[in-house]
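There are 2 protein chains.
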Amino acid sequence: MAIETFKATSKLVAGLQVDNFVRNFSTRMDEPKSLGGTDTGMNPVEALLTALGSCQVIVAGAFAKSQGIDLQDFWVELEGDLDPDGFLKGVAGVRMGFQEVRFTPHIKTSSSPEQVKKFMEFVKSRCPVGDVMLNGTKIVPADAVIE
Amino acid sequence: MAIETFKATSKLVAGLQVDNFVRNFSTRMDEPKSLGGTDTGMNPVEALLTALGSCQVIVAGAFAKSQGIDLQDFWVELEGDLDPDGFLKGVAGVRMGFQEVRFTPHIKTSSSPEQVKKFMEFVKSRCPVGDVMLNGTKIVPADAVIE
Chain A
48 MAIETFKATS KLVAGLQVDN FVRNFSTRMD EPKSLGGTDT GMNPVEALLT
98 ALGSCQVIVA GAFAKSQGID LQDFWVELEG DLDPDGFLKG VAGVRMGFQE
148 VRFTPHIKTS SSPEQVKKFM EFVKSRCPVG DVMLNGTKIV PADAVIE
Chain B
48 MAIETFKATS KLVAGLQVDN FVRNFSTRMD EPKSLGGTDT GMNPVEALLT
98 ALGSCQVIVA GAFAKSQGID LQDFWVELEG DLDPDGFLKG VAGVRMGFQE
148 VRFTPHIKTS SSPEQVKKFM EFVKSRCPVG DVMLNGTKIV PADAVIE
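Protein chains in written order, with our numbering: chain A, 48 to 194; chain B, 48 to 194.
Certain hints may be false.
Given that identical chains are not distinguished, each listed pair holds provided it fits within a single copy or across any two copies.
[As the list claims (entries may be wrong)] Simulated pairs of lysine-lysine, DSSO-like, Cα-Cα distance not exceeding 27 Å: (1) Lys185 with Lys165; (2) Lys171 with Lys112; (3) Lys165 with Lys155; (4) Lys112 with Lys155; (5) Lys54 with Lys165; (6) Lys136 with Lys164.
These are calculated hints, taken from the structure and not from any lab test.
Model, not experiment: these values are computed from the prediction.
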């Protein structure tokens, strides 16, 4: 299969509100009042957690049958630790992003614990968002276009 | 400031549809028909691009004034290249996630091109999602809970 290019646009609305556009879909992001926003949507690091969680859920849903797993129900709880002193104040030695991300999968199944364990390893190994968040990726910025 | 822990839950709905929950917000994700879904929402790698884009937009909106930038309008276009042979087929040597992510900021401003250039460097350096996507982070999986 050829390389596929995915696209998105993120636009400032007012204050710290952002509207994101992907094909015919859109999402609103913002910050809670404690971080200077007006709390009209999840914030970008929360959205990052949902990208990871939904990626794992979709990989699980897509491959359960071919991996011989009975997937009656599936969800993932995620947590990420971040020190706001990094991005708010630029304190030296504090990273901007998550210092650690944890996740706990929940599965309703008749498959054995051993089968589930093996399946979760498979899911982890096939998740594109997990790969980027774990290993990093090349990010190429263009010069800003002054409109 | 103390470390803050952000949380999310991602739950399989039906097919490859996922509902994500963060505080009192939710988003739907899915895959396009070409990738096996029913196209009821953006997919996780597109959502990952919106997390990066909205992070840059929020950092720009939050710091424009203190950085002396006239920010009349601001948006970011993003693209990410991914070879679906990785996560769909597990082809050896093909990574699961984005091989490259590109972004182009657009700004409406009376500030000079030099000021804008310096400001964009600042935005890049303060963006938590950009830090995670560029440098990776520690991801700690718990054993699956069998419900």
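Comparing the hints with the structure gives:
For the identical chains of this complex, Lys185 and Lys165 are inter-copy neighbours only, at 21 Å across copies versus 30 Å inside a copy, given an alpha-carbon limit of 27 Å. Proximity of Lys171 to Lys112 under the C-alpha cut-off of 27 Å is restricted to the intra-copy arrangement: shortest distance 16 Å within a copy versus 42 Å between copies. Proximity of Lys165 to Lys155 under the C-alpha cut-off of 27 Å is restricted to the intra-copy arrangement: shortest distance 15 Å within a copy versus 52 Å between copies. Taking CA atoms no more than 27 Å apart as the test, Lys112 paired with Lys155 passes inside one copy only; the shortest distance there is 14 Å, against 51 Å between copies.
For the identical chains of this complex, Lys54 and Lys165 are inter-copy neighbours only, at 26 Å across copies versus 33 Å inside a copy, given an alpha-carbon limit of 27 Å. In this assembly of identical chains, the alpha carbons of Lys136 and Lys164 lie at most 27 Å apart only when taken from different copies (21 Å versus 42 Å within one copy).
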